[in-house]
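> Sequence:
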Amino acid sequence: MASPRVAPYGSWKSPISAERIVGGTVLLSQPGFRDEEIFWSESRPWEGGRSVLVRWSPDGATEDVTPPPFSARTRVNEYGGGAYLAAAQAIYFWNDADRRLYEAGRGKAPR
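Okay, so the sequence shown: first residue is 1 according to our numbering, each after it adds one.
No lab work stands behind these hints, which were simulated from the structure alone.
On a predicted model such as this, the values are computed, not experimentally measured, just so you know.
Don't take each hint at face value.
Simulated crosslink set (SDA-like; lysine to any residue; CA at most 20 Å straight-line) [claimed, not checked]:
#1 108 x 54
#2 108 x 87
#3 108 x 63
#4 13 x 23
#5 108 x 88
#6 108 x 85
#7 13 x 2
Model the full assembly from the supplied sequences, consistent with the hints where possible.
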């Protein structure tokens with residue numbers, strides 16, 4: 001057995017990092033529905049924490065509604081939430097970087 005190493009308080013180097021623990025973890029939030037489609041927001045650490053709006057269709061397919069560099073997030077009250085609305089013919093979302101409202105339709109780039 002290896003003998004213990006002594007290090008001054010606050011200088012101990014841990015082999016475990018926050019990145020190692022949660023680096024591949026996806027945070028799911030803001031579930032929503034439109035007809036038979038389901039929507040949610042994914043926070044993706046490997047994309048710099050970008051919040052991606054995802055659509056699930058009844059055939060089991062999923063697709064990203066918000067392509068890079070868009071990040072569907074609002075900072076209202078600093079907690080976010082309510083970053084998108086799935087309307088009848090389009091999705092409306094707040095983009096975090098410029099704080100603007102965008103419209104995204106199936107197969108169309110956000111505008």
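> Hint by hint, note whether the structure agrees.
Hints, verified against the model:
Pair hint residue 108 plus residue 54 holds up; C-alpha atoms about 15 Å apart against a cutoff of 20 Å. In summary, the hint linking residue 108 to residue 87 is supported, as the alpha carbons are separated by about 15 Å, within the 20 Å threshold. With a C-alpha separation of about 13 Å, the suggested pair residue 108 and residue 63 falls inside the 20 Å cut-off, and the hint holds. At most 20 Å may separate the alpha-carbon atoms for a hinted pair to count; residue 13 and residue 23 meet this at roughly 19 Å.
Restraint check for residue 108 and residue 88: satisfied, since their Cα atoms lie roughly 15 Å apart, inside the 20 Å limit. Proposed proximity of residue 108 and residue 85 is supported: the alpha carbons are some 16 Å apart, at most 20 Å. With a C-alpha separation of about 16 Å, the suggested pairing of residue 13 with residue 2 holds against the 20 Å cut-off.
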